[in-house]
Amino acid sequence: MSYLRFGIGSDATNILAALEEAMIVVEFDLGGQVLQGNQWAHACFERGANEFGGLTHTALLGENAQDAAADQSFWRRLLEGEAQSCEWHYQTKAGSGAWFKALYQPVRGRSKKPYKIIALAWDISKDKQIVAEMAGKLAAISRFQAVLEFSPDGMVLAANANALGLLGYDSAEVVGRHHRELVEPDYANSQEYRDFWDKLGRGEFVAGEFQRLGKGGRLIHMQASYNPVLDARGKPLKIVKFATDVTDRVEAVAAIGLGLERLAHGDLSQRLEHDFLPALDPIRVDFNRSLDTLEAALARVEETASSIAGATEEIRIASSDLAKRTETQATSVEETAAAITELSANIRVSATAAEEAGILVAATTADAKRSGQIVGDAIASMSGIEESSNKITSIITVIDEIAFQTNLLALNAGVEAARAGEAGKGFAVVAQEVRELAQRSAKAAREIKTLINASSQQVADGVARVGETGEALEAILTEFETIDEKVQAIVAAARAQATGLDELNHAIGSIDRDTQQNAAMVEESSAACHGLATDTQQLDDLLAAFQLSSPHEASNAARAKRRNAAAQRASAAQGSACIALASSQATGRPDKLPNATAFIRNAPATFGRHGAELSRQSALPDQWEEF
Amino acid sequence: MTALETAANQTQAANDPIEIIAFYLGEQQFCVRTTSIREIRGWAKSTPLPHASPEVMGMMNLRGAVIPVINTGRKLGHGWSEPTERSAIVVAELGGAVFGLMVDRVSDILTIDQSLVQPVPEMTSGFDKSYVEGIIAHQGDMICFLNLGRMFPEPSRSDFFD
Numbered sequence: 001m002s003y004l005r006f007g008i009g010s011d012a013t014n015i016l017a018a019l020e021e022a023m024i025v026v027e028f029d030l031g032g033q034v035l036q037g038n039q040w041a042h043a044c045f046e047r048g049a050n051e052f053g054g055l056t057h058t059a060l061l062g063e064n065a066q067d068a069a070a071d072q073s074f075w076r077r078l079l080e081g082e083a084q085s086c087e088w089h090y091q092t093k094a095g096s097g098a099w100f101k102a103l104y105q106p107v108r109g110r111s112k113k114p115y116k117i118i119a120l121a122w123d124i125s126k127d128k129q130i131v132a133e134m135a136g137k138l139a140a141i142s143r144f145q146a147v148l149e150f151s152p153d154g155m156v157l158a159a160n161a162n163a164l165g166l167l168g169y170d171s172a173e174v175v176g177r178h179h180r181e182l183v184e185p186d187y188a189n190s191q192e193y194r195d196f197w198d199k200l201g202r203g204e205f206v207a208g209e210f211q212r213l214g215k216g217g218r219l220i221h222m223q224a225s226y227n228p229v230l231d232a233r234g235k236p237l238k239i240v241k242f243a244t245d246v247t248d249r250v251e252a253v254a255a256i257g258l259g260l261e262r263l264a265h266g267d268l269s270q271r272l273e274h275d276f277l278p279a280l281d282p283i284r285v286d287f288n289r290s291l292d293t294l295e296a297a298l299a300r301v302e303e304t305a306s307s308i309a310g311a312t313e314e315i316r317i318a319s320s321d322l323a324k325r326t327e328t329q330a331t332s333v334e335e336t337a338a339a340i341t342e343l344s345a346n347i348r349v350s351a352t353a354a355e356e357a358g359i360l361v362a363a364t365t366a367d368a369k370r371s372g373q374i375v376g377d378a379i380a381s382m383s384g385i386e387e388s389s390n391k392i393t394s395i396i397t398v399i400d401e402i403a404f405q406t407n408l409l410a411l412n413a414g415v416e417a418a419r420a421g422e423a424g425k426g427f428a429v430v431a432q433e434v435r436e437l438a439q440r441s442a443k444a445a446r447e448i449k450t451l452i453n454a455s456s457q458q459v460a461d462g463v464a465r466v467g468e469t470g471e472a473l474e475a476i477l478t479e480f481e482t483i484d485e486k487v488q489a490i491v492a493a494a495r496a497q498a499t500g501l502d503e504l505n506h507a508i509g510s511i512d513r514d515t516q517q518n519a520a521m522v523e524e525s526s527a528a529c530h531g532l533a534t535d536t537q538q539l540d541d542l543l544a545a546f547q548l549s550s551p552h553e554a555s556n557a558a559r560a561k562r563r564n565a566a567a568q569r570a571s572a573a574q575g576s577a578c579i580a581l582a583s584s585q586a587t588g589r590p591d592k593l594p595n596a597t598a599f600i601r602n603a604p605a606t607f608g609r610h611g612a613e614l615s616r617q618s619a620l621p622d623q624w625e626e627f
Numbered sequence: 001m002t003a004l005e006t007a008a009n010q011t012q013a014a015n016d017p018i019e020i021i022a023f024y025l026g027e028q029q030f031c032v033r034t035t036s037i038r039e040i041r042g043w044a045k046s047t048p049l050p051h052a053s054p055e056v057m058g059m060m061n062l063r064g065a066v067i068p069v070i071n072t073g074r075k076l077g078h079g080w081s082e083p084t085e086r087s088a089i090v091v092a093e094l095g096g097a098v099f100g101l102m103v104d105r106v107s108d109i110l111t112i113d114q115s116l117v118q119p120v121p122e123m124t125s126g127f128d129k130s131y132v133e134g135i136i137a138h139q140g141d142m143i144c145f146l147n148l149g150r151m152f153p154e155p156s157r158s159d160f161f162d
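Note that the protein sequences, when read in sequence, are chains A and B.
Each residue of the first sequence is one higher than the last, beginning at 1 in the numbering used here.
Each residue of the second sequence is one higher than the last, beginning at 1 in the numbering used here.
Heads up, some of the hints might be wrong.
Each pair of labels, with its calculated beta carbon distance range [to be verified]:
1) 454(A) - 44(B): 28 to 34 angstroms
2) 454(A) - 17(B): 40 to 46 angstroms
3) 390(A) - 77(B): 37 to 43 angstroms
4) 405(A) - 77(B): 28 to 34 angstroms
5) 409(A) - 130(B): 49 to 55 angstroms
6) 420(A) - 63(B): 42 to 48 angstroms
7) 44(B) - 437(A): 43 to 49 angstroms
If you're looking for bench data, these hints aren't it; they were derived computationally from the structure.
Where is the CB? At the ideal position from N, CA and C, for every residue including glycine.
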């Protein structure tokens, strides 16, 4: 306007022309009647140049227009010389509408008295739309979000209903208070809090999740952004905070987090009982269900572990029994082998004795046969003697007869001598002597005969005895043959026994090898059992990390008991291994029992590295004593 | 003959020794005077004689002469004695009659003092005491001293030969 006042007229005209090309220009008289409008006005209000005159402001804008200028004070202040502004909304005949920003300026004359009103208007439909959009967005934000405005130093300037509802305060209670009263005192006094406001003061926005205190110290979680509103120089005018109440979600997340933490520590007995907000509640339900499933699974695992532990214990006992029995069996096998060795020696001795007996029997049989022959010879000799005796007897009989006859002759001679009287005396003496000789002959013959008879009798007795001896020898021969058969049978039996014992020894060797294998397998079984027990213990330890619901409390105690038992087993298993090694050393007799030696040599290999070393040392038989 | 015999007996009545021949019948020893004996023979089978006395065993041939053989045991009442090979026949001659006495065995020819002949005890009844002249105790034995003349008196002798 200063140009207009002090400048050159044509320049003013040019400026007006430029303005008229850029803006809608409508002139009113002081009564509000339209005087004229430029061509933009014609286009805007869809009227010709001749249709403008005499129209009122309201008529110009149309029935549907929001006429800010309709207010009487508007025109009064204009007439008093005060410039006014307003916005129009014009509804076109086609139905579309447009917003205009209008400046009403009184046009003064020389007397400084307004003589007409000029309205300069421009289309602000786009701006208006943007503003409306912004406002709508803000309203939308405000509808769902808590909006708080702070001064750069943190004083509450305004709070929308959501914010008040969230905080639980009335507007009067919160406006004019400092933001620090909405946070925990510790945080309010922290460097972090000061840094927070410093950052906002530098014009930087802060967004995130925050904990704030509502009325009565209630903890509120909110997802919020603190947005500095800057002036043209970039200096913060105020801070606008948009916040969403996420307390439920945070609490839900915290509950889930706590639950997960407890879960991480193995607490399976917990359940999230309180409902979450609907969006998150499935998580809670799923969490609970997961816990149910996990707990059930772990309970099942624990039952299984318990049963495995029980079975392992049974296996361990069985294995221990088996080890003892195998040891006993090894001892028995060893004793059996020793007994068989002894028996073999005895049987060899028996066989030798039987063979010697057979030889003796054969020799004795030969002797007996020779004796039989001698007996036969003796019988023949006896017969000869008998025959000779008979001949002697007959000779003696003849001699006796001769003696008898001689006696008779002598008697007759005696008779003759006696009859001869004295003459026959000498003859009688001779006859007497002859008779005595005859009598002596007869007597001798009788004695010889008696002797021969006795001899014959004795010969007969001898023949009988010899015959009996022969029969006895025959019987002896027969018995010797029987004995020989028996002895042969004994020899054959002894040989068969020796063969049988060889087979038995072979079988014992096989048993010995089997026993070794059994011992090795028992050892492996024990090791496996021990490993299983250790695994079960580890499983128990793992399970102990989980806290199950009350029905499983008993099993916790059982688990602890099993752990103690497992620890005892571990030490006992090492002890038994040592005992087994010691007993193997004690029972080894390499000089007598090669199989047992091999067993003992093999046995240490089952006792791990140390045993292998022992086994290596005992590889040479002459180093056995060192072993 | 009887007178001769008596004379002989009388001559011998002095303490002259008497010759006897002793023999056995069974277990008992008998003897007769040697003077009445002709010879002694071994047993030979005798031929039985019909209707002869029971004690006559039969007849025997003695160098052509036939003589009877008496079973002396039967004659002495001891019963029939069976002959054996060692039986002997004592051939006696009495009064011209020759006969044989079968005995079991001739034991001896003895010369004894007559004083040794002791009388037969009266109690010997049942035995024909008249046959026995006496008893001779000899070397612990008792010898019955037979009297052939009384055993075979004259009348009976004739029975054998007639």
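Going down the list of hints, with the structure as the test:
{"no.": "1", "hint": "454(A) - 44(B): 28 to 34 angstroms", "verdict": "holds, 33 angstroms"}
{"no.": "2", "hint": "454(A) - 17(B): 40 to 46 angstroms", "verdict": "holds, 42 angstroms"}
{"no.": "3", "hint": "390(A) - 77(B): 37 to 43 angstroms", "verdict": "holds, 42 angstroms"}
{"no.": "4", "hint": "405(A) - 77(B): 28 to 34 angstroms", "verdict": "holds, 31 angstroms"}
{"no.": "5", "hint": "409(A) - 130(B): 49 to 55 angstroms", "verdict": "violated, 34 angstroms"}
{"no.": "6", "hint": "420(A) - 63(B): 42 to 48 angstroms", "verdict": "violated, 20 angstroms"}
{"no.": "7", "hint": "44(B) - 437(A): 43 to 49 angstroms", "verdict": "violated, 25 angstroms"}
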